[in-house]
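Engineer: Guided by the hints, dock chain B with the ligand onto chain A, whose structure is given.
Chains as they are written, first to last, in my numbering: chain A, 1 to 384; chain B, 385 to 645.
These are computed hints drawn from the structure, not numbers from a lab.
Any given hint could turn out to be false.
If you anchor each label on the Cβ, the simulated ranges turn out as follows [stated by the list, open to error]: (1) B:L496 <-> A:I290: 54 to 64 Å; (2) A:A277 <-> B:E617: 19 to 29 Å; (3) A:K198 <-> B:G566: 30 to 40 Å; (4) A:G354 <-> B:E588: 26 to 36 Å; (5) A:A277 <-> B:K415: 50 to 60 Å; (6) A:R233 <-> B:T507: 52 to 62 Å; (7) B:E569 <-> A:L310: 40 to 50 Å; (8) B:A616 <-> A:H283: 31 to 41 Å; (9) B:D404 <-> A:W271: 32 to 42 Å.
Just a sample of chain B residues kept apart from chain A, beta carbon distances all over 12 Å, derived [to be verified]: (10) A447; (11) D552; (12) G595; (13) S597; (14) K643.
Cross-link-like lysine-lysine pairs, in silico, DSSO-like; alpha carbons within 30 Å at most [unchecked claim]: (15) B:K643 <-> B:K531; (16) B:K415 <-> A:K289; (17) A:K301 <-> B:K531; (18) A:K192 <-> A:K37; (19) A:K301 <-> A:K289; (20) B:K541 <-> B:K531; (21) B:K576 <-> A:K106; (22) B:K415 <-> A:K301; (23) B:K541 <-> B:K415; (24) A:K208 <-> A:K192; (25) A:K208 <-> A:K31; (26) B:K415 <-> A:K13; (27) B:K475 <-> B:K584; (28) A:K13 <-> A:K31; (29) A:K301 <-> A:K382; (30) B:K576 <-> A:K37; (31) A:K13 <-> B:K584; (32) B:K576 <-> A:K13; (33) A:K289 <-> A:K382.
Glycine is no exception: its CB is placed at the ideal position from the N, C-alpha and C atoms.
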Amino acid sequence: MDFSPTPEQELLKEAVAGIAGHYGHEYFQEKTRQGAKPDELWSELGAGGYLGVHLPSAYGGGGMGVAELTIVCEEVAAAGCPLLLMLVSPAICATLIARFGTASQKQRWLPPMASGEAKMAFAITEPDAGSNSHRIATTAVHEGGRWALYGTKHYISGVDEADAVIVVARTGTEEATRRARLSLFIVGTDAKGFEARKIPVEIAAPEKQFTIFLDDCTLGEDDLLGTEGEGLRQVFAGLNPERLMGAAISCGIGRYALEKASAYATHRTVWDRPIGAHQGIAHPLAVAKIELELARLMLSKAAWSYDAGLDAGEAANMAKYAAAEASLRALDQAIQTHGGNGLASEFGLADLWGTARLLRTAPVSREMILNYVAQHSLGLPKSY
Amino acid sequence: MNVAVCVKQIPDPVEPYALDSNTHSLVREGKLVLDDSDSYGVEMALQLVEANGGGEVVLLSMAPNNEMGGLRTALAMGATSAVLVSDPLLKGSDALGTAKVLAAAVRTLDPLPDIVLAATESTDGYTGTTPVQLAELLGWPSVSFAKHVEISGGTVKVERQTEAGYDDVTSPLPAVITVTAGVVEPRYPSFKGIMAARGKPVAEHTVASLGLSADEVGFLGARQEVVSVQAAEARSGGEIIVDEGDAHASIVAFLEQIKVL
Ligand SMILES: Cc1cc2nc3c(=O)[nH]c(=O)nc-3n(C[C@H](O)[C@H](O)[C@H](O)COP(=O)(O)OP(=O)(O)OC[C@H]3O[C@@H](n4cnc5c(N)ncnc54)[C@H](O)[C@@H]3O)c2cc1C
Chain A
1 MDFSPTPEQE
11 LLKEAVAGIA
21 GHYGHEYFQE
31 KTRQGAKPDE
41 LWSELGAGGY
51 LGVHLPSAYG
61 GGGMGVAELT
71 IVCEEVAAAG
81 CPLLLMLVSP
91 AICATLIARF
101 GTASQKQRWL
111 PPMASGEAKM
121 AFAITEPDAG
131 SNSHRIATTA
141 VHEGGRWALY
151 GTKHYISGVD
161 EADAVIVVAR
171 TGTEEATRRA
181 RLSLFIVGTD
191 AKGFEARKIP
201 VEIAAPEKQF
211 TIFLDDCTLG
221 EDDLLGTEGE
231 GLRQVFAGLN
241 PERLMGAAIS
251 CGIGRYALEK
261 ASAYATHRTV
271 WDRPIGAHQG
281 IAHPLAVAKI
291 ELELARLMLS
301 KAAWSYDAGL
311 DAGEAANMAK
321 YAAAEASLRA
331 LDQAIQTHGG
341 NGLASEFGLA
351 DLWGTARLLR
361 TAPVSREMIL
371 NYVAQHSLGL
381 PKSY
Chain B
385 MNVAVCVKQI
395 PDPVEPYALD
405 SNTHSLVREG
415 KLVLDDSDSY
425 GVEMALQLVE
435 ANGGGEVVLL
445 SMAPNNEMGG
455 LRTALAMGAT
465 SAVLVSDPLL
475 KGSDALGTAK
485 VLAAAVRTLD
495 PLPDIVLAAT
505 ESTDGYTGTT
515 PVQLAELLGW
525 PSVSFAKHVE
535 ISGGTVKVER
545 QTEAGYDDVT
555 SPLPAVITVT
565 AGVVEPRYPS
575 FKGIMAARGK
585 PVAEHTVASL
595 GLSADEVGFL
605 GARQEVVSVQ
615 AAEARSGGEI
625 IVDEGDAHAS
635 IVAFLEQIKV
645 L
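Chain A with its partners taken away, still in its complex shape (with noise of 0.2 Å):
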């Protein structure tokens, strides 16, 4: 058994650090502020070929897996950048159309992808289907040579700079079991029938999310990804990756937070020590870097079985949970030790939160998982 990284991915790592540390979290901040993106970042890791580290060398990618892209997405988060994005136009949509894509669509949509020119964003979540999949109500319809959507997707991320949106939809059902049958539509944000409202939600970061609205959205035939009526099938393809990186987006803030925790730890003096020689402050930090540590061993091994072509699924369940779980500790305990500086902007970790905490619930929840772990890796009775 082997824990050490490639020396590729160890350059990797050390270029990528480095062009995020370029910008750290103070540009981000100021993008999140002014309500702009943040572009030149996202730019420059495209024109290094870092957004598409994953994807197949004939399209523009680097030919490798998704454990490179894992660590390009945790350490622009560990320099203070966490890039949500990432979780969703390179390593699920992007993954889907390599996978499902015809010759064609992979033309269309892989290079400018991996060289960051163009954004896709995933639409899944309804308001009254949620976490089961099966009730989802979004419908397409087939007639005269072209498809019609209809319905409604709730907190899509950045729909506004999107190029596409790849919605997931019913376009049948199956007799048995009474449960959808869903395809796969690549829709463009300026297609007819198509309208965006943005949900206003405490979260500071540069991505919005979007309420979309298909109203007899208009789409050709060769807007269809992959098979008809094999949309959940091949969505669960991409679940995996999305995952992976909403793992690798908490690792970096947990890195990012315990690294700013130590900094200050050790320079702060208010009785006749450092607070940091205080067990009081020290343990709760060491603690949250056991968890923290252990959760990126955990996103290792995901990344590396999903590229060995092993079922990866309970290592990136457990991945995803453990990192949302040990990066909201980090974080909270980086506040913690800087006392009420913990809370000022200039300090740069509460804003951090909103997108912390969100990893907690997207892109699958905390209990999703727990009833995957409890039914696939206990045996437990399925509980619902």
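Structural biologist: Showing chain B with the ligand alone in chain A's frame:
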């Protein structure tokens, strides 16, 4: 045109450094990284080659344990190939010993490079004399403290940094040039560069394969000995200038005194 760059691989400056208690030399076991001061030479070499119709950038490095960590970074940035000299006999080499090894490494190149670039000094332990000794051994001219380098008509034009500004220096080729830190912005490798670095040739040499003898290099050949080491003086508190309307004058005076202005 072809440019060779001397690159030192050093213990990661982020980690605390240790000295060997017997020899007082820096402990260089474990992972080594590209010395930041050499990343400017690599960048300048890449720019020179790009600006002069292409060619090769070859790295020259002497390092313990066949260490390649720092070479990989420079290869990923775009260097063409590397010469790595590694041999237990090299332990304890002083500046002149290192210059002999680097000169022998330059002579393995066919064709010889038009320019050898080096940093003015390295970060981990330095005398700032290796590059000029290298030039002397090669019998080439050397120009130190370059902040800008341009090739024109078979000669090299260098803006050589001085306390007062810079001198314009022209030198025939081939030449050894030392590059001041910070004068170019070293590029980050692209992911393609990182993946390509894996397949780039690294010629590995020992003292014997370079035709050097064991007593010219390492502790045996060293003419320089570290007799004792002392802890550096702790940083003092600094001077606080209270602004009563005239602080700018005190600051200007201070900056003039340390020759920043
Ligand atoms: C900022 C943000 C960005 C998002 N981005 C996207 C996006 O880009 N695309 C997209 O499609 N979606 C996105 N989402 C949606 C997100 O994936 C969902 O909110 C999440 O999966 C939970 O679904 P829900 O909101 O419908 O909650 P519900 O399914 O209504 O669940 C409510 C609560 O009940 C729990 N629960 C539900 N079922 C069970 C059960 N069987 N057992 C135990 N507990 C259960 C849940 O864990 C949760 O705590 C985003 C959400 C947020 C907040």
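Engineer: Against the structure, test the hints numbered earlier, and report the numbers of the ones violated in rising order.
Structural biologist: 3, 4, 5, 17, 23, 33
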